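Colleague: Here is how the chains run, residue by residue.
2 protein chains.
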Amino acid sequence: MPARFELTREFIDELKKAVGTNDETLVYNLVKDLHAADIAELYGGLSMDEAKYVYLLLDNEKAGDVLIELEEDDRDRFLHALPGEVIARQFIEKMDSDDAADVIGDLPQDKKEEVLQNIDDLEQAGEIVDLLGYHEDSAGGLMAKELIQVNENWDIETCIREIRKQASEVEEVYYVYVVDNNEILKGTISLKRIMLARSNAKVKNIYKPDIIYVKTDASSEDVANLMEKYDIIALPVVDAIGRLVGRITIDDVVDVIKEEAEKDYQMISGITEDIEPSDDILVITRARIPWLFIGLVGGILGAQVIGIFENEIIKDARLAMFLPLILAMAGNAGVQSSSIVVQGLASKSIDLDSTWKKLLKECMIGLLIASVFAGLMLTYNLIFSPSLHLTITVSAALFSVIMFASVFGTFIPLLLNRFKIDPAVATGPFITTMNDILGMFIYLGLSRFLYTILS
Amino acid sequence: MPARFELTREFIDELKKAVGTNDETLVYNLVKDLHAADIAELYGGLSMDEAKYVYLLLDNEKAGDVLIELEEDDRDRFLHALPGEVIARQFIEKMDSDDAADVIGDLPQDKKEEVLQNIDDLEQAGEIVDLLGYHEDSAGGLMAKELIQVNENWDIETCIREIRKQASEVEEVYYVYVVDNNEILKGTISLKRIMLARSNAKVKNIYKPDIIYVKTDASSEDVANLMEKYDIIALPVVDAIGRLVGRITIDDVVDVIKEEAEKDYQMISGITEDIEPSDDILVITRARIPWLFIGLVGGILGAQVIGIFENEIIKDARLAMFLPLILAMAGNAGVQSSSIVVQGLASKSIDLDSTWKKLLKECMIGLLIASVFAGLMLTYNLIFSPSLHLTITVSAALFSVIMFASVFGTFIPLLLNRFKIDPAVATGPFITTMNDILGMFIYLGLSRFLYTILS
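In order, the protein sequences belong to chains U and Y.
Per my numbering, the very first residue in the first sequence carries number 1; after that it's consecutive.
Per my numbering, the very first residue in the second sequence carries number 1; after that it's consecutive.
Just so you know, the hints here were simulated from the structure itself, not pulled from any lab data.
These figures come from a predicted structure and were not determined experimentally.
Hints are supplied without guarantee of correctness; some may be wrong.
Derived DSS-like pairs (lysine-lysine); straight-line CA-CA distance at most 27 Å [claimed, not checked]:
(1) Y/Lys229 / U/Lys94
(2) U/Lys165 / Y/Lys192
(3) U/Lys315 / Y/Lys315
(4) Y/Lys263 / U/Lys263
(5) U/Lys62 / Y/Lys186
(6) Y/Lys358 / U/Lys16
(7) Y/Lys62 / U/Lys208
(8) U/Lys94 / Y/Lys208
(9) U/Lys229 / Y/Lys263
(10) U/Lys215 / U/Lys258
(11) U/Lys165 / Y/Lys208
(12) Y/Lys229 / U/Lys258
(13) U/Lys192 / Y/Lys208
(14) Y/Lys229 / U/Lys16
(15) U/Lys361 / Y/Lys52
(16) Y/Lys202 / Y/Lys192
(17) U/Lys215 / Y/Lys258
Pulled out of the complex, with its shape left as it was, chain U reads as follows:
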């Protein structure tokens, strides 16, 4: 088996041909040694019918793994075609509780119940129902019930016996959790430690009591920040009174971290949904239109603003020459400021400064940047522009819009965050559009004002 599988056009073609000629043995041989993640990726290159054909040839356990790795909408389409009983017996019973809850949670209500009723292992069914009760984006929604726990009063021999018993259900053992008689989480003990200890030693005397945990209602973002900050591989989850109820492993959290970063990125690039280049043309178009529409409305409003100042442009058409420059500089400066705030808020990096202090700091940065560029433009126009009025207008406006965009770009995401709205909204075309309109007002208004006092 190859250590890593490289998906090629040739492989897809060979597989498609095998499916086309109904060659079950060849299809099975082509995919049997592939990792579930590779098979899921493979599906991107197959039609629904081809994918289904391949899927039904997989071993049950592998089929369950593939199900988890599939994109959500592909998975829903797959499950739609299968009766609840098959889903329960063939897939769910082979899955870890967190994966099973994810799959079942996405099903329509009647199918959900049908699947749950068909799970023979009542303990597993109960665990899944427990997990379904938590919000998807909370620690409870991320955790798995499978874990190994030992009582602090046991000795090492009992421990090892119990671990052997419990271990058959848990795929990967990172930590063994220590609880008291009331199931309250006390600490951890590593397998290494257990292997090194004498068999009559008490857990109580050798476990590690310093432990970082979360409650079930912690947000997935908090979980991700915590695991990242403290380099935690498996984070225990406790209920309201401190009883151990599950654990979250870092691989599930890596997805959360990626999704958070992608969400911010999509926001700043003006895309409303989680899309991929391989998505359908209509899906991509739909995700792109909303922000562009806001831009269009902003543009029309901007046109009205310029309309108000039409006389200025009639007086000196060269005024229009520098309008795009003013607006582009305002837009860029504003997005810079907002994105710095958004990244700071996302990384929860040390935040001891008050909003006022932050705005003051941004004012000083804005002042520096605005001075630099207003100065550059002044020099440029003093050399190349014959009109003193235009020269002064452009530099004064550039100074003002950069100052304004910087402070505005800092203030808006902080404000949104205060009201529990995702601050990344501020980085979208929204703030650029606002900057555009205000930039026009400042530039053309200044021109009129200078005209009045200079003439």
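Add chain Y to chain U, keeping to what the hints say.
Modeller: Using the frame of chain U, we list chain Y on its own:
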């Protein structure tokens, strides 16, 4: 000890006061139970002298951990003040090899040698020197030498004895690696499996041979993608002939994943360096000026373009009204297209389509979007604009710039990627600036053209 520490202004003030009054006991008591990551965060609120005072009161091992958690430039300043001997004996000897190599790798050459010569544990010094030979952004640069390996020919009893011996050096044991007599990596065996096996069983007969690994020269991006895709907690690293030389744990890779995402985000927001809101005003200003400068140069070029068409604006000043709208729509559409490509390339999601197929797809999306918005503007202007010339010019130009920006925005990052340049460069103000200039040409050029044929 609190499970989680919440850094507050009050805590910082109390600590600063204790440092100010030289109250060593109080300072020590305040920080002694804190996690290294919290202490490192704390330093953001202290002056260099205060931070140093706190640092020197820490236990050696904790001090080493804090060193790792510090931002790179803070760390360099700390180490600058200490003699190489102290760095070696007090910090490096307590660190894992990968952390030690990271710290030493950042030191100036003479200090680096001084520190290396002062490490008493020659085996550790050798490991660090090995690691320093790899590129920072490669699997070799990410890996730690600490791991547990067993020979496939051993029985379980020998295994356990050997693991006990090796385990004292390895903090966290996730997998036990199996090698043959030539140190060639063969597979893994879990501690769980070892605990469940009979003591005379042979490793050879029970280890798991399917294993995903990387070579030392794999890029850190590949390592991150692999670990993320296959949900790997600890990835073994082999040399050119397959000998096991180290392992990479997921917590180190989480940082890589975050950094990649942040790099793309900074690029799209027009910031050239990895900065945080808490950075110095001058540092932030310096990171913001380069892209703004490109924007300024682009704006001046744009002004020249408009200058060429000055007569069109003199003929109809209302032409200027819709210029910002045209440019904003082109900019937004272009950034959308580029960011979709950049995210697709970053996630290495299935990529079986040729460049031509991608461009064709983007053409169709561009066609849809351009039609929608050109249609909207046409309707708007037919109702509100008295000038047919302006109405046609605006819609035709809007259609063209959206089409153009979409295709251009898709093509440029693909082109950059082909030439091994980070495609995210295309999402910066660079592409917006290009779009601006071309948008002006199209809009004003179309106006002149229509004037000629309509009159």
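Colleague: A separate judgement is required for each hint: does it hold in the structure or not?
Modeller: The hints, checked one at a time:
no.: 1; hint: Y/Lys229 / U/Lys94; result: holds, 20 Å
no.: 2; hint: U/Lys165 / Y/Lys192; result: holds, 11 Å
no.: 3; hint: U/Lys315 / Y/Lys315; result: holds, 12 Å
no.: 4; hint: Y/Lys263 / U/Lys263; result: holds, 15 Å
no.: 5; hint: U/Lys62 / Y/Lys186; result: holds, 23 Å
no.: 6; hint: Y/Lys358 / U/Lys16; result: holds, 22 Å
no.: 7; hint: Y/Lys62 / U/Lys208; result: holds, 17 Å
no.: 8; hint: U/Lys94 / Y/Lys208; result: holds, 20 Å
no.: 9; hint: U/Lys229 / Y/Lys263; result: holds, 19 Å
no.: 10; hint: U/Lys215 / U/Lys258; result: holds, 23 Å
no.: 11; hint: U/Lys165 / Y/Lys208; result: holds, 21 Å
no.: 12; hint: Y/Lys229 / U/Lys258; result: holds, 12 Å
no.: 13; hint: U/Lys192 / Y/Lys208; result: holds, 20 Å
no.: 14; hint: Y/Lys229 / U/Lys16; result: holds, 24 Å
no.: 15; hint: U/Lys361 / Y/Lys52; result: holds, 26 Å
no.: 16; hint: Y/Lys202 / Y/Lys192; result: holds, 15 Å
no.: 17; hint: U/Lys215 / Y/Lys258; result: holds, 25 Å
This entry satisfies every hint, going by the numbered hints stated previously.
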